[in-house]
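Chemist: Next come the chains, spelled out residue by residue.
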Amino acid sequence: MDAVLAPLRRWPGQQPLLFLPLAAAAWFGLYQTLMPAADALVAALPVDHDSHLGAALQFFFYDTPKVLLLLTGIVFVMGMINSYFTPERTRALLAGRAEGAANVMAASLGIVTPFCSCSAVPLFIGFVQAGVPLGVTFSFLISAPMVNEVALTLLFAMFGWNVALLYLGLGLLVAIVAGWVIGRLRMEAYLEDWVRDMPHAVVAVGEDRLSLGERLDAGFVSVREIVGRVWPYIVGGIAIGAGIHGYVPQDFMASFMGKDAWWAVPLAVVIGVPMYSSAAGIIPIVQALLAKGAALGTVLAFMMSVIALSLPEMVILRKVLKMRLIATFVGVVATGILIVGYVFNAVL
Amino acid sequence: MKEIKVLGTGCCGNCSSTIALIEQVAQSKGVAVSLKKVEDLREVMSYGIMSTPGVVIDGKVVHAGGVPSRAKIEQWLVASTA
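From first to last, the protein sequence lines stand for chains A and B. Numbered according to the numbering used here, the first sequence spans residues 1 to 348. Numbered according to the numbering used here, the second sequence spans residues 1 to 82.
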């Protein structure tokens, strides 16, 4: 079996220019057939479509295949793009740059540099060691987990491109401004002593000339790692969202997550900060809340605070930052998110 | 015998998967290795890597970030016996 499959598995990496258009065509074909298939499936179900169960099932069967397919495609492409932006190269790009423009650059690079929260601390130290200013490092550290392809894909799939773009823009803005503020506060003294005492690293980026085939392989690895990890959360999130869609009465959320409740945004942030969930699990639930009358700004603020700030991350960061700097970091980012929530509710 | 260190802060499963995979490949290739997991942050950082897991063979960093592929591990081990 393996002898038959092995050449097949190697084929895409050897003929990337042939594989890419074929894969794209197959993907679009699948996407086109999946929606009618889900349609037919829901129609064939022996439940009343206007019933609670009917509404819940409809939501589940439409959104699960759509989200998973979109995610696979986008994660694959991002995996290839990521292979151009190693953390080492990002660091070299940022080292020695003046604050301001560098904050913008750091936040933007946070989108395309592969990032896992486990690597947050090594990255942090690596940046500081190479002379990247503290505030710029924070801009990167805020944007990298918050503005990621999984969150953006889910937002696009469930709310459309305008909300996805809005999230992208606001996420970047929070990362840029919060990083800049932290930089202005001059908190270098609140790094743990051993971090400050580390020898200054010489930044040299080795030329890594990967072939297109190797970048393709990087795409496959991303799909295996990211989609393989988040799909249960997505299915779980959509299932909960489906339950909310079917069973929670219309406008139920409007009373306490609506625009008129001024305290809703801060409450959403306070609940969201210690919570830890990937974007994958939270977005389908958020979509359902929105459908029941919650205000977009409140919901976005909740989502951002869940994704950007989390208790486990603080525990890891505590190894390199003193309490005061962690508190400042949480305070500044939470304030930024709060403002985003209010502005949204006021504008929309 | 090659001395292999896997660097990681032990938060996601990637570091353990890396160790398991290296063990597996070494066994199937019949290469003797001594595997060590390095979790102390200072020691991890002393190798100058920025993403974990990192792999160090006889004091040289050969990999950083993500679980290495089986083919890559085979390459390291074969090069070490030659």
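Among the clues, some could well be false.
[To be verified] Straight-line C-alpha distance at most 25 Å; calculated BS3-like pairs for lysine-lysine:
(1) B:K5 <-> B:K37
(2) B:K5 <-> B:K29
(3) A:K319 <-> B:K5
(4) B:K60 <-> B:K36
(5) B:K36 <-> A:K319
(6) B:K60 <-> B:K72
(7) B:K37 <-> B:K72
(8) A:K66 <-> A:K292
(9) B:K72 <-> A:K319
For the record, the hints were derived by calculation from the structure and aren't laboratory data.
Chemist: If a hint holds in the structure, say so; if it does not, say that too.
Modeler: Verification of the supplied hints:
{"no.": "1", "hint": "B:K5 <-> B:K37", "verdict": "6 Å, holds"}
{"no.": "2", "hint": "B:K5 <-> B:K29", "verdict": "18 Å, holds"}
{"no.": "3", "hint": "A:K319 <-> B:K5", "verdict": "22 Å, holds"}
{"no.": "4", "hint": "B:K60 <-> B:K36", "verdict": "14 Å, holds"}
{"no.": "5", "hint": "B:K36 <-> A:K319", "verdict": "22 Å, holds"}
{"no.": "6", "hint": "B:K60 <-> B:K72", "verdict": "15 Å, holds"}
{"no.": "7", "hint": "B:K37 <-> B:K72", "verdict": "19 Å, holds"}
{"no.": "8", "hint": "A:K66 <-> A:K292", "verdict": "22 Å, holds"}
{"no.": "9", "hint": "B:K72 <-> A:K319", "verdict": "32 Å, violated"}
Checked against the numbered hints above, the structure violates only hint 9.
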